[in-house]
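Using the hints, position chain B against chain A.
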Amino acid sequence: MRIQVRLFAALAEAAGRRSLSLDLPRDSRVWQVRDALALEHPRLEPLCARVAFAVNAEYVDADQVLHEGDEVAVIPPVSGG
Amino acid sequence: VFVQLTSEPLTPDALIQAVRTDASGAVTLFFGVVRNHNEGRGVLYLEYDAYPELAERQLRAVAEEMLGRYPIDDIAIAHRTGRIEIGETSLLVAVSSAHRAEAFEACLAAVDRIKETVPIWKKEFWEGGGAWLDGKPMTAPAERPA
Numbered sequence: 646m647r648i649q650v651r652l653f654a655a656l657a658e659a660a661g662r663r664s665l666s667l668d669l670p671r672d673s674r675v676w677q678v679r680d681a682l683a684l685e686h687p688r689l690e691p692l693c694a695r696v697a698f699a700v701n702a703e704y705v706d707a708d709q710v711l712h713e714g715d716e717v718a719v720i721p722p723v724s725g726g
Numbered sequence: 029v030f031v032q033l034t035s036e037p038l039t040p041d042a043l044i045q046a047v048r049t050d051a052s053g054a055v056t057l058f059f060g061v062v063r064n065h066n067e068g069r070g071v072l073y074l075e076y077d078a079y080p081e082l083a084e085r086q087l088r089a090v091a092e093e094m095l096g097r098y099p100i101d102d103i104a105i106a107h108r109t110g111r112i113e114i115g116e117t118s119l120l121v122a123v124s125s126a127h128r129a130e131a132f133e134a135c136l137a138a139v140d141r142i143k144e145t146v147p148i149w150k151k152e153f154w155e156g157g158g159a160w161l162d163g164k165p166m167t168a169p170a171e172r173p174a
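Taken in order, these protein sequences are the chains called A and B.
Oh and the first sequence: position 77 is 722 in my numbering, straight run, nothing missing.
Oh and the second sequence: position 73 is 101 in my numbering, straight run, nothing missing.
Note that these hints are calculated values from the structure, not bench results.
All values reported here derive from a predicted model rather than from experimental measurement.
Treat each hint with caution, since some may be false.
One side of the interface only, derived from the structure: several residues of chain A facing chain B at Cβ under 7 Å [as the list claims (entries may be wrong)]:
| id | residue |
| --- | --- |
| 1 | Phe653 |
| 2 | Pro691 |
| 3 | Arg695 |
| 4 | Ala699 |
| 5 | Ala702 |
| 6 | Pro722 |
| 7 | Val723 |
Ideal Cβ placement from N, Cα and C applies to all residues, glycine included.
The shape of chain B in the complex, shown without the other chains:
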């Protein structure tokens, strides 16, 4: 398992190397990319804030959860913070497995969990203003489904 929270541009090579094993017949790679529109409005760039200590721990928890839920070989996650321009990558997830289906499924599930549980926030900037996006409320651990 490899996880990283960084303000530097993300590149996939390290993640692919981290997850690939000789038993892996598939490696899936997801890029979360900053796009130029949201809810009908043009977006100029995004700014990400994070609680670094907990975000890294939580990224690792998501990775471990996927290793427990799917028959995959390995998983790596990198999330960027700070200002990110249109077309740049904010999130990378790489998953390796013997066969492709599990790698695709675990990759999708990992992204969903990251968006639900990791303390990272994005602010959208447009012509003349900006706003923090309305995110998903974290549920207390006791209320969280196992």
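Chain A on its own, in the form it takes in the complex:
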């Protein structure tokens, strides 16, 4: 299934883009996005160590099951304010 991934801050900079799509097996879980990203984009791997995830603009647990067309945001440690 096809998943849209959104990247921000250091991750977007390392990837040279703010979004990409990944092909994942059906019923993949959110944490598998991290593994797939690291595999396809080795430069992102060190930046993925402490990330959180949002699916369709809501924070989710990394164990959540994904569905075709979901938008997964990879959220590095936040530093707003």
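For chain B alone, coordinates are given in the frame of chain A:
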């Protein structure tokens, strides 16, 4: 509750008007301002990135949380994104309450929560380079204290 995420310069007037009520004896206003140094190094300017859809939702969640935790009348939050120069405002929080103590406390707590939970990131630029700041890892909802 009023929340705003914008790349435009922030001004406090709209926030003060948004939170003030006739029952409010106090309005506190916090300015988060870009400063010219961090960890011993001179800073030229900052650049903020955000996940807008979730950042706005999360700013609202912080505001609602403060309304639940403190006896305040209202709260407003505005966060700026993009390039922000030294001396300019990156964050505004306004809180109104009958008495001053709750307004101060809720304002401080709101800023702390914003820094912990809202998907916004800052990159520091200095002479000859720049780097994204090492932020606070978001914990998954299940692990987050209630």
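Tested hints:
1. Annotation: Phe653(A) was flagged as interfacial toward chain B, and the flag holds, the nearest CB pair being 5 Å apart, inside 7 Å.
2. Evaluation of the Pro691(A) hint against chain B yields a violated restraint, the C-beta minimum of about 13 Å exceeding 7 Å.
3. About 4 Å separates the beta-carbon of Arg695(A) from the nearest beta-carbon of chain B, less than 7 Å, and the hint is met.
4. At about 5 Å, the closest approach between the beta carbon of Ala699(A) and any beta carbon in chain B falls short of 7 Å, and the interface hint on this residue holds.
5. Taking 7 Å as the C-beta cut-off, the interface hint given for Ala702(A) holds, the closest approach to chain B being about 4 Å.
6. With a cut of 7 Å, the hint placing Pro722(A) at the interface with chain B holds, because the nearest CB-to-CB distance is about 4 Å.
7. With a least beta-carbon distance of about 5 Å to chain B, the hint placing Val723(A) at the interface is held under the 7 Å criterion.
In the structure shown, a violation is registered for the earlier hint numbered 2 alone.
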